[in-house]
Structure formats: C-alpha cells, structure tokens
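Generate the whole structure from the sequences, applying the supplied hints.
2 protein chains.
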Amino acid sequence: MAIEINDEFIRHLEMLIEKKDDHAIIELLAEEHTADIAEIIDELEFDDTTYLFKLLDSEKTAEVLLELDEYDRAKILEILSAKEIAQKIDEMDTDDAADILGELSVERKSKVLSKIEDEEHAKDIADLLQYHEDTAGGLMAKELVKVNENWTVPTCVRKMRSQAQEVTRVHSIYVVDDNNVLKGRLSLKDLLVAPASAIISDVAIPKVDFVNVNEKSDEVARIMQKYDLDAIPVVDDDMRLLGRITIDDILDVITEEADKDYQLAAGLTDDVEADDSLFDLTRARLPWLVLGLFGGLTSASIIGGFDSALNLYPQLFFYTPLIGAMAGNVGVQSSAIIVQGLARDNLRGTTFQRLIKEIGLSLINGIILATLVFAMGFIVNQDIKISFTIASSLIIVIIISSLVGTFVPLLLEKKGIDPAVATGPFITTSNDIFGILIYFSIAKIILGF
Amino acid sequence: MAIEINDEFIRHLEMLIEKKDDHAIIELLAEEHTADIAEIIDELEFDDTTYLFKLLDSEKTAEVLLELDEYDRAKILEILSAKEIAQKIDEMDTDDAADILGELSVERKSKVLSKIEDEEHAKDIADLLQYHEDTAGGLMAKELVKVNENWTVPTCVRKMRSQAQEVTRVHSIYVVDDNNVLKGRLSLKDLLVAPASAIISDVAIPKVDFVNVNEKSDEVARIMQKYDLDAIPVVDDDMRLLGRITIDDILDVITEEADKDYQLAAGLTDDVEADDSLFDLTRARLPWLVLGLFGGLTSASIIGGFDSALNLYPQLFFYTPLIGAMAGNVGVQSSAIIVQGLARDNLRGTTFQRLIKEIGLSLINGIILATLVFAMGFIVNQDIKISFTIASSLIIVIIISSLVGTFVPLLLEKKGIDPAVATGPFITTSNDIFGILIYFSIAKIILGF
Numbered sequence: 014m015a016i017e018i019n020d021e022f023i024r025h026l027e028m029l030i031e032k033k034d035d036h037a038i039i040e041l042l043a044e045e046h047t048a049d050i051a052e053i054i055d056e057l058e059f060d061d062t063t064y065l066f067k068l069l070d071s072e073k074t075a076e077v078l079l080e081l082d083e084y085d086r087a088k089i090l091e092i093l094s095a096k097e098i099a100q101k102i103d104e105m106d107t108d109d110a111a112d113i114l115g116e117l118s119v120e121r122k123s124k125v126l127s128k129i130e131d132e133e134h135a136k137d138i139a140d141l142l143q144y145h146e147d148t149a150g151g152l153m154a155k156e157l158v159k160v161n162e163n164w165t166v167p168t169c170v171r172k173m174r175s176q177a178q179e180v181t182r183v184h185s186i187y188v189v190d191d192n193n194v195l196k197g198r199l200s201l202k203d204l205l206v207a208p209a210s211a212i213i214s215d216v217a218i219p220k221v222d223f224v225n226v227n228e229k230s231d232e233v234a235r236i237m238q239k240y241d242l243d244a245i246p247v248v249d250d251d252m253r254l255l256g257r258i259t260i261d262d263i264l265d266v267i268t269e270e271a272d273k274d275y276q277l278a279a280g281l282t283d284d285v286e287a288d289d290s291l292f293d294l295t296r297a298r299l300p301w302l303v304l305g306l307f308g309g310l311t312s313a314s315i316i317g318g319f320d321s322a323l324n325l326y327p328q329l330f331f332y333t334p335l336i337g338a339m340a341g342n343v344g345v346q347s348s349a350i351i352v353q354g355l356a357r358d359n360l361r362g363t364t365f366q367r368l369i370k371e372i373g374l375s376l377i378n379g380i381i382l383a384t385l386v387f388a389m390g391f392i393v394n395q396d397i398k399i400s401f402t403i404a405s406s407l408i409i410v411i412i413i414s415s416l417v418g419t420f421v422p423l424l425l426e427k428k429g430i431d432p433a434v435a436t437g438p439f440i441t442t443s444n445d446i447f448g449i450l451i452y453f454s455i456a457k458i459i460l461g462f
Numbered sequence: 014m015a016i017e018i019n020d021e022f023i024r025h026l027e028m029l030i031e032k033k034d035d036h037a038i039i040e041l042l043a044e045e046h047t048a049d050i051a052e053i054i055d056e057l058e059f060d061d062t063t064y065l066f067k068l069l070d071s072e073k074t075a076e077v078l079l080e081l082d083e084y085d086r087a088k089i090l091e092i093l094s095a096k097e098i099a100q101k102i103d104e105m106d107t108d109d110a111a112d113i114l115g116e117l118s119v120e121r122k123s124k125v126l127s128k129i130e131d132e133e134h135a136k137d138i139a140d141l142l143q144y145h146e147d148t149a150g151g152l153m154a155k156e157l158v159k160v161n162e163n164w165t166v167p168t169c170v171r172k173m174r175s176q177a178q179e180v181t182r183v184h185s186i187y188v189v190d191d192n193n194v195l196k197g198r199l200s201l202k203d204l205l206v207a208p209a210s211a212i213i214s215d216v217a218i219p220k221v222d223f224v225n226v227n228e229k230s231d232e233v234a235r236i237m238q239k240y241d242l243d244a245i246p247v248v249d250d251d252m253r254l255l256g257r258i259t260i261d262d263i264l265d266v267i268t269e270e271a272d273k274d275y276q277l278a279a280g281l282t283d284d285v286e287a288d289d290s291l292f293d294l295t296r297a298r299l300p301w302l303v304l305g306l307f308g309g310l311t312s313a314s315i316i317g318g319f320d321s322a323l324n325l326y327p328q329l330f331f332y333t334p335l336i337g338a339m340a341g342n343v344g345v346q347s348s349a350i351i352v353q354g355l356a357r358d359n360l361r362g363t364t365f366q367r368l369i370k371e372i373g374l375s376l377i378n379g380i381i382l383a384t385l386v387f388a389m390g391f392i393v394n395q396d397i398k399i400s401f402t403i404a405s406s407l408i409i410v411i412i413i414s415s416l417v418g419t420f421v422p423l424l425l426e427k428k429g430i431d432p433a434v435a436t437g438p439f440i441t442t443s444n445d446i447f448g449i450l451i452y453f454s455i456a457k458i459i460l461g462f
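Heads up: the protein sequence lines correspond to chains E and L, in order. Under the working numbering, think of the first position of the first sequence as 14, with each following residue one higher. Under the working numbering, think of the first position of the second sequence as 14, with each following residue one higher.
Some hints here could point you the wrong way.
No copy is singled out in the list; a pair is fine if it fits within one copy or between any two copies.
Said to hold, decoys possible - Taking lysine to aspartate or glutamate and the EDC-like style, the derived pairs with C-alpha atoms no more than 20 Å apart in a straight line are:
(1) Lys239 <-> Asp109
(2) Lys229 <-> Glu146
(3) Lys370 <-> Asp289
(4) Lys239 <-> Asp82
(5) Lys370 <-> Asp60
(6) Lys370 <-> Asp222
(7) Lys273 <-> Asp147
(8) Lys220 <-> Glu40
(9) Lys196 <-> Asp288
(10) Lys159 <-> Asp203
(11) Lys122 <-> Asp103
(12) Lys122 <-> Glu132
(13) Lys370 <-> Glu286
(14) Lys220 <-> Asp203
(15) Lys196 <-> Glu45
(16) Lys239 <-> Glu44
(17) Lys220 <-> Asp190
(18) Lys124 <-> Asp103
(19) Lys239 <-> Glu80
(20) Lys239 <-> Glu269
(21) Lys88 <-> Glu286
(22) Lys428 <-> Glu133
(23) Lys370 <-> Asp293
FYI, nobody ran anything at the bench for these hints, they're computed from the structure.
Written out as structure tokens, the structure reads:
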C-alpha cells in the first residue's frame, strides 16, 4: 500500500534532511500513514527526528507522537515546550491526550493543561487523568455521540452533526435522559432508516451493554470480545454516561496481555523487545536465570546427598537431566493450560475435579513414557532394577509435576496474583528440584543403598 | 449485566427443560446474549441442548451456533436437517455462513446451499467458500455498503438505506466506479455533514487502505492493527471490490495466533483447552514429552560416555541438571524474543547483527552467573578446579544456547515454517543435549580425566 520502509528509503530521507530540502521531505511523507512515520522515526538519529517534528504539521505530528514507543516519545516531549505539547494535545482525542499527559511529571502536566486552548477539552482530559490506566476509566474517551431520549429524529440528526465533527469514528449513538443517565442506544443503521416523525425513545434500543468506570481493563476486553462489541459505554455507579471505549483500544489491551503472558512463560520480565538495549534485555532476563541457577545449585546439593549410591549405581546419575527435563516440561504444560483457561475465563469445575483430571492425564502419559524407558533399557541391556527405578519415578514425578503446575496458578489467582508468573522458569525450577528429590528417594527405596 | 451463569442457574434451566415449561425457558433466556446461551449449552446434556435448539427462534439459534465451539456445533449440525441448517444460514452474514458450511461434508454442503431461499445470499456464500480460511478471502464478508462515484448525495443516501438493512454494522462506505473498481471511501461522518447537492466523487476520500484477497490473514491482522482500522476492503488483482473484513474477525485471528504461540512455547500441539477430553489433552501433550524423553536418554548416554570421571570428580555429575536447566532457560528466552519480534514485525538489522548482540548479552549474563557459581563454590568449600569448570562451561553454554535460540527461529521463518515451533520443548531439549556435551567436554579439557 504505502512505500516500503527500507534502508534505501531511510538513507534518502536522511540525505533530504541534511540538505534541508523541506519541500521534498513533506512530499515524501505526505502519503505515509502516521504509523509508518513513527517507524521511520525509530530509524533516524535524534537530531533528524527533531527536525522532522518541527517541520511536519501539528495534526500529523500529534498522531505520530501517539504511535511512537514510550521511550522515543519521552525524548521528544522533553525538547518540546509546554505550549507546543498543548497544541498537539489539542489535536488528540481525550483518551490519547490523557495517556500522553500521564507520562509527564506532575508539574509539567499542569503546565501543559493550562496551555490547552479548548477549555472543555482540557477539562475532559483532566477528568480522565484521575482514573487508573488499568481500568475502564483509564481506557475511555470522552468523545461520543449521545442524544436525548426526548428529541425528535430531525433535532437528533442536527445535534449529531455537530457532535460527529469531534468524534473520529461514530460507533454507536447513546441515548440518555435529562440527567445523563444511559437509557439505550441508537445504531447508525437505525438512524439511516428511521422515519422523520419519530421521537428518539421510540426508535432507541433499550438493551445496551455497558461497563462501570472502575471495571478492570482485562475484564472490559473480555466482555467486548465475548459479545463482539465495537464500542462500549462507560457509566458511573448511578448509571450516568461518562465516556466510551472503542475496540481498537481493546485490541491493544489484548495484545499487551498476550505478550506479557508469553514473556513470563519464557522467563522474561518487563516488556522487552529484541531491539531494546543490552541493559534492558539483561534486566528482563537475568533475574530468571539467577532463579534457575539457585534451583540448579539446590538440585546439585540434593544429588550430592545421595553420593553413597555413586559406586553401586553410577547410571542413576546419568538420568538426572532426563528427570529434571520431564518434570519441567510437564509442569509448564499443566500451568500453561490453566493460565490460558483463566485468561479466557473458560475453566469449569472445582480445583479438586481439576486435580483429579490431571492425575488421570499424568497416569496415561506417565505409563506410556515409562514403557518407552523400559523398552530403551532393554535395548541397551541395562540392569532391570535401574530401568524399573527410572520408569516408576518418572510416573510419580510426572503426576507431582502436573499437580504443582495445576495447583500453583489456581492458588495465585485466588490470592489475586497474576497466575502467569507461575509458568516458565518458576515452575520448571521448582519441579526440577522436586523431581530430582523424588527420583533419588524412590531409587533409595527400590535399590536400597 | 446479564444473569450470572452459575450451577444454580443451570440446574434451574435443566428442571424447566425436564418439565417442558417452554414459556418459562423462553422468558429465562430472552435477555441473555447469544454468547451466554452458547456458554449455557456447553454445560447441558446433549438432549437438553437439542430441546433448546428446537425451541428457540431461528435468528437466535443461528447466532448461538456461531458462538459454540467446533465440537459442539458439529454434534448439533448432525441432528439438523439440510433445510433447518439452510434456515439458520439465511440469518447469518456471508462470512459466518461460509465458515459454518466449510465444516460440513462436500455432499451436505451442496445440499444445504441448494435449500437456501435467498439465491443471492447462496451465491455469495458459495463464492466465499473457494478461498482458503487463512487468507483475506477466507475472512471477508460480502455484506458492505458501497456507492457509485457518479451518484449524487441524495441518491446515495437512498441506495444506502436499502444496503444498510442487510449489513449488521456499517463501518465505512466504499466508493466504486462503474466497473466495481475501488476508488475511495466515504466516512459516515462525512455523509452526516455532506451538502445535499454534492456528487459522491467530490466528497469521497481517494486514499483508502485495502488488502488483496489472497493476503495471509495474519498479515491482514498486522495491517489493521498497525493502521488502527475498523474495517478494510478486500480487492482482487484488478482492484475490484470483493468484500470487507471487520475488526471483530481480526480480534479472533490475533487471539488465536497468540494462543497458538503460547501453547507451542509450553509444549502443547493442537488447540486444546483445560476442559477437553483426556484423549485430546494427551494427543496435545504426549508428543512433546516423548521428544523430551528421547532428549533425556541422549543426555544420559552422553554422560555415560564420561564415566571415567566418576571416581575422580563425582561432583561434576551433581551439576548436570543445573547445566541442562540453564541451557534450556536461556534458549527459551532468546527464541521467545525472536518469535515475538517476528510476530510483531519489529525486528531490525541482519541475522549477523542479532547474533553478535546475543553474544554480548550472553557474556554479560554468563559472567554474572559464573561469578555467583564461584562464590557459592567458595562458601561450600568446593574444589576450585571444579568451580572453575562449572563457571567457565556455564558461560560457554549460555552463549551457545542463546545463539541456537536466536538462530533457529530466524532460520525457520526463512524456510517458511512457523518460528513458534522453535520455542518450548524443541529448544529446551536440544539445548539440554548441547549443554551437557559442552559441559563434559570442557571438564575433560580442564580436569584431564
């Protein structure tokens, strides 16, 4: 669709900036989406970025500012004056404006707010700033099209025209009473086909989905996705209409949530990307590796405690990575299914039923794997007592690991902690330790060393 | 918002079905969202489900059918006649109808198609069935509002009214020429404020995003998310308008994609949920566990090959789970970052630059972790040569593991294979083996056994 952003394009742009060929730059970027301009800026030196920001018009740079990642945005906001920021804020929807202002220091924030020309806009933004970013209030925008239930259709259309000017996308038309209490909705389709003589309350649909302003954002996402909603109105405890949340904001919530779970499962904290600095990447990766290291050291000292078996049954010690790996794999599988079930809100039954099911599942998997171990032991002519030890402890390790993998995320969820932290290194490390302890304990019983 | 679906509710409904109290059942479910009714059906016995399906009106059951999971839907479609299915299909949008029909056998499909009353609708659906489900064609619906560039605004509004009747949600109005070639768009807002005397081509916005009908669905998702689009028109190679894709379908694509990546990282194939049968869960879990088992057996035989060190340096054998775990953890971290970068399309630079960065990162992490190993060795009074062996091989294992974790997904992507399969058990198992081989090889060099 647009020009592909490749190295050649970037070099060409850098050359134009160096030559200060403003006309050519504006022409080059005129047809580009703001999301693409943000990507281009990601590739430029900071001085060139600044140059572009001063050159392009305020409406365009306001949108680009929204598309940048937080780090690049912070750098640019720093060099802009409060008045310049206020100009860009003026071009933004209230929800985006509040997000940007939320990233500024308290002092700078109020300075920018005071410089916003449209007082109504400034008031709306200040209003949104009081809500926590992880709630419906933090997601909603003040821009919406609402009509009074007592209006006639022609009055409604006339009033809507002026409202629609301020709203980027008209999703639904909300119907309120004289006290701004949400009474229903009017779809755009209904408006297109409504007779001119009708009163709004006659054509309004009284059934309307809504969320409370304090609802958690992941719950809002779940509701909108489940009921296939393009937009949802946000109300206070008295059902007064405060704003609306649109599906594009929810898309971001869902993507962020999925990314976070994925990263936690992989042993990454903080929201890192491949192109972040070595420092950021280390900060995200090292804590989990240190956890794994101490887990490994614990395992080593447990194995060391069984060193009396070294001379009699050295083979036992060859299988410790196998036991550790299987314990880890099973634990991750179990916990991932639970974490995903909790996220999609489709877990049924009690914890007890779930644990019973895991035992059944582990028995099936365990018996098949134990049979394979036996068969391999037979092929390599291994002492049958050793094979039996490995096979039987494998079954028990698989059962225990899957129970831990199932129980821990359920417990965390109940305690109000994100269950996703239970996946990945946390579960592999603890199951490694349990697994090896169980393995050697069973070996001691069977082989009697 | 709606009634909470708890055990009590389900028991109450079951009792009403048993008593055949149709009036009470209809009243009970009247206010429920179809998504909620689908959830309720998930809890009922099959006979009760059938009873409900015969009782509720066709419009409602058509929507419920769409919300059910594939397994439940297949069971219900089996007991419905071709004519009954055709009635429900008649109520659906073309994209949903094509999805449902795609799940039927070839024979049944043509039978149902022939029973659809609205011939135009049947033709549109048959048309959609030819596209692969993972392409724009497989996602698009035929329902859309389009206007001719030569119409006047009043003609346009009149024609749109009849088109709008058939479209669930009007997102954008597309402008075409006499040959149905996409020329631009008309936003609903523009329509609300346009003067009556204007010709469409005067008020149309010529810049319009679109996708080709053969575009992959994850690429469509990326474009719509990046450019914040509610809907996107789909065109053929000659730019003729074929249909449109709406954001709610994209939400499903994104969620499915994220779920799949997450499951692959956790060692789960197929799309399983916690409530699936033991058979389905085993089929999803066992293959990866068998892979892990053979990996473990390979490690065991590698360790066995170094048994000459058993008497001299038994401690070496205590640290194999530690080496295996660290190799696995690092590999998963590296591959997850790459897989996510590929999915978000935000990887910059060449493979070579990426590998160099991984080496730097691994050196930082490795040196910190090796220092910890040394410190712990000092505390437990361990032979310094053993500590040195563990620490130095840890650094090398971390570097190699992170290079494997980085390189493999990039290679798979290049070969057209989903890079997400490289995360999880695949990378942990292979890194386990590499790690242990490296560890004992280094030990042999340093300690000379």
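Do the hints match the structure? See the list:
In this assembly of identical chains, the alpha carbons of Lys239 and Asp109 lie at most 20 Å apart only when taken from different copies (16 Å versus 25 Å within one copy). In this assembly of identical chains, the alpha carbons of Lys229 and Glu146 lie at most 20 Å apart only when taken from the same copy (9 Å versus 34 Å across copies). Taking the closest pair of Cα atoms, Lys370 and Asp289 come within 20 Å of each other only across two copies (11 Å); inside a single copy the shortest separation is 42 Å, beyond that limit. Taking identical chains as interchangeable, the C-alpha atoms of Lys239 and Asp82 lie at most 20 Å apart only when they sit on different chains, with a minimum of 13 Å there against 29 Å within one chain.
In the homo-oligomer, the alpha carbons of Lys370 and Asp60 never lie at most 20 Å apart, since the shortest distance is 60 Å inside one protomer and 25 Å across protomers. For the identical chains of this complex, Lys370 and Asp222 are neighbours neither inside a copy (37 Å) nor across copies (49 Å), given an alpha-carbon limit of 20 Å. Taking the closest pair of Cα atoms, Lys273 and Asp147 come within 20 Å of each other only inside a single copy of the chain (14 Å); across copies the shortest separation is 26 Å, beyond that limit. Taking the closest pair of Cα atoms, Lys220 and Glu40 come within 20 Å of each other only across two copies (15 Å); inside a single copy the shortest separation is 49 Å, beyond that limit.
In this assembly of identical chains, Lys196 and Asp288 lie within 20 Å of each other by CA distance neither inside one copy nor across copies; the values are 49 Å within and 39 Å between. In this homomeric assembly, Lys159 and Asp203 come within 20 Å of each other (Cα to Cα) both inside a single copy, at 14 Å, and across copies, at 18 Å. Proximity of Lys122 and Asp103 under a CA criterion of 20 Å is satisfied intra-copy only: 14 Å inside one chain copy versus 55 Å between copies. Proximity of Lys122 to Glu132 under the C-alpha cut-off of 20 Å is restricted to the intra-copy arrangement: shortest distance 15 Å within a copy versus 60 Å between copies.
With identical chains, the CA atoms of Lys370 and Glu286 are at most 20 Å apart between copies only, with a shortest distance of 13 Å across copies and 37 Å within one. In the homo-oligomer, the alpha carbons of Lys220 and Asp203 lie at most 20 Å apart inside one protomer (14 Å), although the nearest pairing across protomers, at 28 Å, exceeds that limit. For a Cα distance limit of 20 Å, the shortest separation of Lys196 from Glu45 across copies, 18 Å, qualifies, whereas the shortest one inside one copy, 42 Å, does not. For the homomeric pair Lys239 and Glu44, the shortest alpha-carbon distance between copies (16 Å) is at most 20 Å, but the shortest distance inside one copy (36 Å) is not.
In this assembly of identical chains, Lys220 and Asp190 lie within 20 Å of each other by CA distance solely inside one copy; the values are 15 Å within and 39 Å between copies. Taking CA atoms no more than 20 Å apart as the test, Lys124 paired with Asp103 passes inside one copy only; the shortest distance there is 14 Å, against 58 Å between copies. Only between protomers do Lys239 and Glu80 lie at most 20 Å apart by alpha-carbon distance; the minimum there is 9 Å, versus 27 Å within a single protomer. For the homomeric pair Lys239 and Glu269, the shortest alpha-carbon distances inside one copy (18 Å) and between copies (14 Å) are both at most 20 Å.
For a Cα distance limit of 20 Å, the shortest separation of Lys88 from Glu286 inside one copy, 18 Å, qualifies, whereas the shortest one across copies, 44 Å, does not. For a Cα distance limit of 20 Å, the shortest separation of Lys428 from Glu133 qualifies neither inside one copy, at 42 Å, nor across copies, at 55 Å. For the homomeric pair Lys370 and Asp293, the shortest alpha-carbon distance between copies (13 Å) is at most 20 Å, but the shortest distance inside one copy (41 Å) is not.
In this structure, the earlier hints numbered 5, 6, 9, 22 are contradicted, and the remaining ones agree with it.
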